[in-house]
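Residue numbers (our numbering), protein chains in the order written: chain C, -18 to 248; chain Y, 350 to 765.
Derived by calculation from the structure, the hints in this document are not laboratory data. Glycine residues also receive a C-beta, built at the ideal position from the N, C-alpha and C atoms. You may find that some hints are simply not true.
To be verified - Derived lysine-lysine pairs resembling DSS-like cross-links, with alpha carbons at most 30 Å apart:
(1) C:K239 to Y:K681
(2) Y:K760 to Y:K681
(3) Y:K357 to C:K239
(4) C:K239 to Y:K760
(5) Y:K584 to Y:K760
(6) Y:K657 to Y:K692
(7) C:K239 to Y:K584
(8) C:K24 to C:K102
(9) C:K24 to C:K47
(10) C:K44 to C:K134
(11) Y:K681 to Y:K692
(12) C:K151 to C:K44
(13) C:K239 to Y:K759
(14) C:K151 to C:K239
(15) C:K24 to C:K114
Said to hold, decoys possible - Okay, the calculated bits of chain C under chain Y, using three or more residues with CB under 8 Å as the criterion:
(16) 20 to 28
(17) 78 to 92
(18) 154 to 163
(19) 186 to 199
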Amino acid sequence: MKIFASPFRRSALAVAGAILGALTLTATPLLAAGDTPAIPSQKWSFSGPFGLYDRGQLQRGYKVYKEVCAACHGLRLLHYRNLGESGGPEFNEAQVKTLAAEVEVQDGPNEDGDMFDRPGKPSDAFVSPFPNKEAARAANNGAYPPDLSLMAKARVGGPDYIYALMTGYKPEPDSMDMQEGMSYNEYFPGHQIAMAAPLSADSVEYTDGTPPTVDNYARDVSAFLMWAAEPKLEERHRLGFRFMIYLVILAGLLYMAKRRVWSRLKH
Amino acid sequence: MAHVSTYKPNSAIEKWMDDRLPVMRMMHDQFNDFPTPRNLNYLWTFGGILTFCLAVQMATGIVLAMHYVPQETMAFDSVEHIMRDVNFGWLLRYIHFNGASLFFLAVYIHIARGMYYGSYKAPREVLWIIGVLIFLAMMATAFMGYSLVWGQMSFWAVTVITNLFSSLDSIIPGLGTTVVEWIWGGFSVGGPTLTRLFSLHYLLPFVIAGLVILHIWALHVPGSNNPTGIDIKSKSDAISFNPYYTVKDGFAMSMFVILFAAFVFYAPNFMGHPDNYIEADPLVTPPHIVPEWYFLPYYAILRAIPSKLLGVVAMFGSIGLLLFLPWLDTSKVRSARYRPIFKWFLLLFFVNAVALGYLGAKPPEGAFLIWGRICTAYYFVFLLVIMPVVGWIEKPAAMPGSITDDVLGKKPVPAK
Ligand code: HEM
Chain C
-18 MKIFASPFRR SALAVAGAIL GALTLTATPL LAAGDTPAIP SQKWSFSGPF
32 GLYDRGQLQR GYKVYKEVCA ACHGLRLLHY RNLGESGGPE FNEAQVKTLA
82 AEVEVQDGPN EDGDMFDRPG KPSDAFVSPF PNKEAARAAN NGAYPPDLSL
132 MAKARVGGPD YIYALMTGYK PEPDSMDMQE GMSYNEYFPG HQIAMAAPLS
182 ADSVEYTDGT PPTVDNYARD VSAFLMWAAE PKLEERHRLG FRFMIYLVIL
232 AGLLYMAKRR VWSRLKH
Chain Y
350 MAHVSTYKPN SAIEKWMDDR LPVMRMMHDQ FNDFPTPRNL NYLWTFGGIL
400 TFCLAVQMAT GIVLAMHYVP QETMAFDSVE HIMRDVNFGW LLRYIHFNGA
450 SLFFLAVYIH IARGMYYGSY KAPREVLWII GVLIFLAMMA TAFMGYSLVW
500 GQMSFWAVTV ITNLFSSLDS IIPGLGTTVV EWIWGGFSVG GPTLTRLFSL
550 HYLLPFVIAG LVILHIWALH VPGSNNPTGI DIKSKSDAIS FNPYYTVKDG
600 FAMSMFVILF AAFVFYAPNF MGHPDNYIEA DPLVTPPHIV PEWYFLPYYA
650 ILRAIPSKLL GVVAMFGSIG LLLFLPWLDT SKVRSARYRP IFKWFLLLFF
700 VNAVALGYLG AKPPEGAFLI WGRICTAYYF VFLLVIMPVV GWIEKPAAMP
750 GSITDDVLGK KPVPAK
C-alpha cells in the first residue's frame, strides 16, 4: 500500500520532530510545576478489550458503598433493579427485593391526598441521603458530597483516582496549614479535602473470606463505582469482539477483491 | 453534465421513468460511468469516508433525538437515560460522540490532501469553496451537539464561545452585549439557549447534506484531481469509477470502520473530557475550559492574540482565508510533488497546525503563549505571504508527460 510517496513521509517526520523537540524543550519546566503526584494505575478485572467485572468484587463494593459512603453520597442515576441485571453485581431476585426494601421511599398521594412512606421496590431509583444540596452541605461542614453515579468517569484516572483518594490519607506535612475540619490527602487537588478518611479496617463485614482491609474496601468500592458509571461495559466488550471479527474478515475480503479487480489493469 | 450520458434503460419501467424523471440516468452517469484518473492513492478514499460519517451521524442522531430532552434540568439525565435504559442507547451515543471526532479526523486529512495536491486550483475553485463551507457547517454542528449533553464542559464552552461576540462592544458600545443576549435568549446561557442549540443541531446536518450534493456535482464536472496534478489527456490515463474505485473505497472504508469501532467499543471516552460527566453548574467554573480536540488549533489562535476582538477576527479569519486559497496560490503547478520549495513550507504548515492543536490544550502562559504566537504568525504568513511569493519565484521540478507515464515510471520531462 503506497499511501504517501516516501519523500513526503520522510520530510514530514523531520519537520514534525524538529517542532516537537523545540516545544518540549521549552515546555518541560512548566509541566513539572503541578504538585499532585501522578495517579498510579491499578489492575482491574474490567480493563482491556476482554475485561469483565468481577461479580464478587461488585457485591462487596456495593456493601461498602451501602454501609459507608451512602451516609453522605447518593447514586441517583441507579435503580435497585440494576443490582440484579446482567453485567453488574448480579444479586439474585430475592436479594434485590431485600436490598430495595431496606430503604424507605416516599410515595403518594394516596386516596386521601397524603404522601406516605413505604419500603423500596426494585423499580425505585436509589434514594439519596439528603433531600437537597443545602441539607447535604449543612450536614457536612458546608462541603457538598457529590453524587457518585458518574464519579468513575468524571475524574481523570477514573477508578484509579477513587482508589488513590481512598488510600491517599496521610498526616499533613509540617509546612501545611490545614483549615478547620479538613483532612490531608495526597491525591486530592490542593490536598485539603472536606471528607474525613471514610474507610477503616474491619468496619465492613466481608462474608466471602476477602480480608477486611482498607486496601480491599477501596479497591472493591472503586470497581463498584466503575460499574455504576458504566453499567453496559460487559455488553460493550462482548459485542465489540464479535463486531471486530466480522469487520476484520470483511476488510480482508475487500482487500482481496481490490487486488483482483486492479490486477486486470495493464501495467 | 461534463460528458455524454451512456445510460441505457434496461426495462420498460426504467424507460418510462427515464422519460419523466431521469434519476437512474443521473445516478448511472455520476457514479457508474465516471472516468477517474488511474493513479489515485488512498488519500482519495476520504471523500467516501466523509459521506459515510455524515450518514452515520444523521442516522444515530435521529434516534438519539427520539429519547433526548432539550430542557435545562433534564438534558443531562436524558443522555444518561439513553446510556442506561434505552436498548443499545449506549451504542448509539458512543457512535454519535466518537463519530464526530472521526468525522473531523477524516475532514482534516481530506483538506490536507487537497492542499498538497493543489486540488483547489482551476478548474476546481467552486468545489473547494463548497468544501470550506461544509467544514464551517460541520464545526457549527459539532459545537452545538456538544452543548446538548449539558455537562460542565458543554455549558462553559458555550458560555466562553458565545461571549466572544461581546467583543463587538469595542466597535459599537452595547452592540456585542445585545448580540450575546440575543443568542442566549436571556441574560446568561440557560434553557432558551439549549432549545435553540438543539433545533439548529438538528437542522444543520441537513444543510450539510445539501452542500455535499453540490460538492459532488462540482466534482463531477471537472473530475477528480490526482497525485500528479496533471489532467487526463488520453483514454489510458483514466479508468471507470466502478468497479476500480468502488472496491478500493470499500476497502479503505472498512479499515476506517475498524478504527471507529476500536474507539466505540474499547475506548469510548478517550476523546472526551471527564468534566462533561458532571452536570452543568452555572456557579462552578471548571479550572480549565478546553474545547473538543478538533477545535484546539483555532482556540490557540484565539488566545494567542491579546485583543479579544482581534482574536475573534483571527480565529474566524484563519478558516475564512481558506476560501481564497485558489487565488492566494500563484503557481500554475498543482501538485506539491513538483514544487521543491513550496512543498517544505506546506509540510511545515501541517506540522504547525498540529502544534497549534497541542498548544490549544495548554494554559496560555509562559512558553506556551510564546509558541502559540509563533505558530499563529506562521499560519497567516504562510497563507498570505509564502503562498503567493513562492508561486512567483519557484522553478517547478521535472514532471511526467502524463498520468500514464507517471504510473508506468517513464522519465519525467524537465520544466520549460
Ligand atoms: C454533521 C453531523 C453531526 C455532527 C458532527 C454531530 C455532532 C455531535 C456531537 C459532538 C455531540 C455531543 C456528543 C456527546 O458528547 O455525547 C452530539 C450530540 C447530539 N446530537 Fe449530533 N451531530 C451530527 C448530526 C446529528 C443529527 C442529524 C441529529 C438528529 C437529528 C443529532 C442529534 C444529537 C443529539 C440528540 C445529541 C445529544 C445526545 C448525545 O449527547 O448523544 N446529531 N452531536
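Here is how each hint holds up against the structure:
Simply put, K239 of chain C and K681 of chain Y have alpha-carbon atoms about 34 Å apart, too far for the 30 Å limit, and the pair is violated. Pair hint K760 of chain Y plus K681 of chain Y holds up; C-alpha atoms about 21 Å apart against a cutoff of 30 Å. Note on K357 of chain Y and K239 of chain C: the hinted pairing holds, with a Cα-Cα distance of about 27 Å set against a maximum of 30 Å. This hinted pair checks out: K239 of chain C and K760 of chain Y have alpha carbons roughly 28 Å apart, not beyond 30 Å.
For the proposed pair K584 of chain Y and K760 of chain Y, the alpha carbon gap of about 20 Å is at most 30 Å, so the pair holds. A C-alpha spacing of about 34 Å is found between K657 of chain Y and K692 of chain Y, which places the hinted pair above 30 Å, so the restraint is violated. For the hint linking K239 of chain C to K584 of chain Y, the alpha-carbon distance of about 22 Å falls within 30 Å, and the restraint holds. Of the pairs offered as hints, the one joining K24 of chain C and K102 of chain C is violated, with about 35 Å between alpha carbons and a cut-off of 30 Å exceeded.
Under the criterion of a C-alpha separation no larger than 30 Å, the hint pairing K24 of chain C with K47 of chain C is consistent with the structure, at around 24 Å. The straight-line distance between the Cα atoms of K44 of chain C and K134 of chain C is roughly 21 Å, inside the 30 Å bound, and the hint therefore holds. Note on K681 of chain Y and K692 of chain Y: the hinted pairing holds, with a Cα-Cα distance of about 14 Å set against a maximum of 30 Å. Restraint check for K151 of chain C and K44 of chain C: satisfied, since their Cα atoms lie roughly 25 Å apart, inside the 30 Å limit.
With a C-alpha separation of about 25 Å, the suggested pair K239 of chain C and K759 of chain Y falls inside the 30 Å cut-off, and the hint holds. For the given pair, K151 of chain C sits about 62 Å from K239 of chain C by alpha-carbon distance, which is inconsistent with the 30 Å threshold. About 35 Å separates the Cα atoms of K24 of chain C and K114 of chain C, which puts this hinted pair outside 30 Å; it is violated. For the region 20 to 28 of chain C, the assignment as covered by chain Y is violated, since 0 residues bring a beta-carbon within under 8 Å of that chain's beta-carbons and 3 are needed.
Look at the region 78 to 92 of chain C against chain Y: 0 of its residues bring a Cβ nearer than 8 Å to a Cβ of that chain, fewer than three, so the hint is violated. Given as covered by chain Y, the region 154 to 163 of chain C fails the check, having 0 residues with a CB less than 8 Å from a CB of that chain where 3 are the minimum. Residues of the region 186 to 199 of chain C with a Cβ under 8 Å from some Cβ of chain Y number 0, which does not satisfy the need for three, so the listed coverage is violated.
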